[in-house]
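All residue numbers for the sequence shown refer to the numbering used here, where the first residue is 292 and numbers rise by one.
These are calculated hints, taken from the structure and not from any lab test.
Ideal Cβ placement from N, Cα and C applies to all residues, glycine included.
Incorrect hints may appear among the rest.
To be verified - Here are the simulated distance ranges between beta carbons:
(1) Ser477 to Ser587: 40 to 50 angstroms
(2) Lys581 to Glu375: 43 to 53 angstroms
(3) Ser313 to Gly420: 29 to 39 angstroms
(4) Leu435 to Lys340: 24 to 34 angstroms
(5) Ser487 to Ala457: 20 to 30 angstroms
(6) Gly471 to Lys340: 19 to 29 angstroms
(7) Gln394 to Gly551: 28 to 38 angstroms
(8) Thr373 to Leu435: 18 to 28 angstroms
Stated by the list, open to error - Derived pair list, reagent style DSSO-like, types lysine-lysine, alpha-carbon separation capped at 30 angstroms:
(9) Lys610 to Lys581
(10) Lys346 to Lys372
(11) Lys340 to Lys602
(12) Lys453 to Lys389
(13) Lys488 to Lys602
(14) Lys346 to Lys599
(15) Lys488 to Lys610
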Amino acid sequence: MKKTAFLLLFIFLSSHVSGTDSYKIKLRAGQHAEFLRIVLEGPASVISKAIVNQKAKNIQVVFPETAISIEDQKSAVAYKKTAEDTIIFFPSDFSAFKVFTLQNPDRLVIDLTVEREKSKESGRGKFAGVKTVVIDPGHGGNELGLVTDEYIEKSTVLDIAKALKAVIENGPGKCFLTRGSDMLLSLDDRVKFSSSKNTDVFLSLHIGNHENIVIYAPVIAGTVPESVKPFLLHKGQDEFMPDTLVLLDAVKKAVAEDFGDAMVVVKPLPYSMLSKIEAAALIVELPSFKDINYTSEMRSLIANTLSKGIKTYEEDMAK
292 MKKTAFLLLF IFLSSHVSGT DSYKIKLRAG QHAEFLRIVL EGPASVISKA
342 IVNQKAKNIQ VVFPETAISI EDQKSAVAYK KTAEDTIIFF PSDFSAFKVF
392 TLQNPDRLVI DLTVEREKSK ESGRGKFAGV KTVVIDPGHG GNELGLVTDE
442 YIEKSTVLDI AKALKAVIEN GPGKCFLTRG SDMLLSLDDR VKFSSSKNTD
492 VFLSLHIGNH ENIVIYAPVI AGTVPESVKP FLLHKGQDEF MPDTLVLLDA
542 VKKAVAEDFG DAMVVVKPLP YSMLSKIEAA ALIVELPSFK DINYTSEMRS
592 LIANTLSKGI KTYEEDMAK
């Protein structure tokens, strides 16, 4: 009897805890001339609780003992909700940040001073435009990716990559595919190929199991000592994260314009091939085969949208 009473009490308490109200937080983020601004909008009682800390190269926001849900309205920064009351942002390198609140409506504002001029300091020189683009069609060979009766991922992304290459080469830029046929390449081979082309923009194309277009941005998991950097064969994203952030914003805008705001999602992707790419680099994971019919018209639309994103990136970098 005592065991039964204890079990009922445990179930009651568990249901009481899990029934905690969740507060909706609207998220916006945008790149300005000298800083990245992150805005979190919500009820005053929730916004006033926020605690903002820097965790390595990331920004952590905690709303203590308050369950939140995120409504992504327009964010140009990768983020991840790590607990009911916690969200972590993965911006590019920043030298400082400031936090303040605004009213009517109630907002938490985080301004990050982004090192946009780091490329000059590293000896890369002034931005000279997008001269070389590398498109990486995922999978290949005996690695099929997603498969349906009508489509195979490895073939679909290759078709889109070829269409994108044709659009880019209608302009002054050069475009290379990591694989131009049905062949299997290791991740290291894809990275080496990109490095050999003096790449400015790198896009890896995949198909996902979701209805959205998900843009994955790299996350730098650790910091390499300055004394070691000159001896590294591949420096990876360490010097290119500011460029990647601008590309992320540009591609997201292009997708939102052509497919709608609800169709684009941004996610961080630590410990991935992207972290080794020495260029502005993203993975674009397209909607599932059950959510989109990948006709020639759709493949052409996707190629033109991504080309528009690259063009916008070039214009934004030149400002």
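Verdict for serine 313, glycine 420 (Cβ pair) under range 29 to 39 angstroms: Since serine 313 and glycine 420 have Cβ atoms about 46 angstroms apart, the given range 29 to 39 angstroms is violated.
Between the alpha carbons of lysine 346 and lysine 372, is the straight-line distance 30 angstroms or under? OK: lysine 346 and lysine 372 at ~14 angstroms, within 30 angstroms.
Holds or violated: are the alpha carbons of lysine 610 and lysine 581 at most 30 angstroms from each other? Roughly 40 angstroms between the alpha carbons, so the hint for lysine 610 and lysine 581 is violated.
Does the hinted range 40 to 50 angstroms hold for serine 477 and serine 587 at CB? With a Cβ separation near 30 angstroms, serine 477 and serine 587 fall outside 40 to 50 angstroms, so the hint is violated.
Quickly compare the C-alpha distance for lysine 488 and lysine 610 to 30 angstroms and report which way the hint goes. Measuring from Cα to Cα gives roughly 25 angstroms; hence the hint holds.
Is 28 to 38 angstroms respected by the C-beta to C-beta distance linking glutamine 394 and glycine 551? At 31 angstroms between Cβs, range holds.
If I claimed the Cβ atoms of serine 487 and alanine 457 lie 20 to 30 angstroms apart, would that claim hold in this structure? Given range 20 to 30 angstroms: holds, Cβ gap about 22 angstroms.
Assuming the hint says 43 to 53 angstroms, is it satisfied by the Cβ distance from lysine 581 to glutamate 375 or not? The hint (43 to 53 angstroms, Cβ to Cβ) is violated, given that lysine 581 and glutamate 375 are roughly 31 angstroms apart.
Distance restraint hint 24 to 34 angstroms, applied to the beta-carbon atoms of leucine 435 and lysine 340: 48 angstroms, violated
So the hint says 19 to 29 angstroms: do the beta-carbon atoms of glycine 471 and lysine 340 match that? With a Cβ separation near 54 angstroms, glycine 471 and lysine 340 fall outside 19 to 29 angstroms, so the hint is violated.
Are the Cα positions of lysine 453 and lysine 389 separated by 30 angstroms at most? Answer violated: lysine 453 to lysine 389 is near 44 angstroms, above 30 angstroms.
Given the hint that lysine 488 pairs with lysine 602, does the C-alpha gap stay at or below 30 angstroms? 19 angstroms, holds
In terms of the numbered hints stated before, the structure departs from hints 1, 2, 3, 4, 6, 8, 9, 11, 12, 14, listed from lowest to highest.
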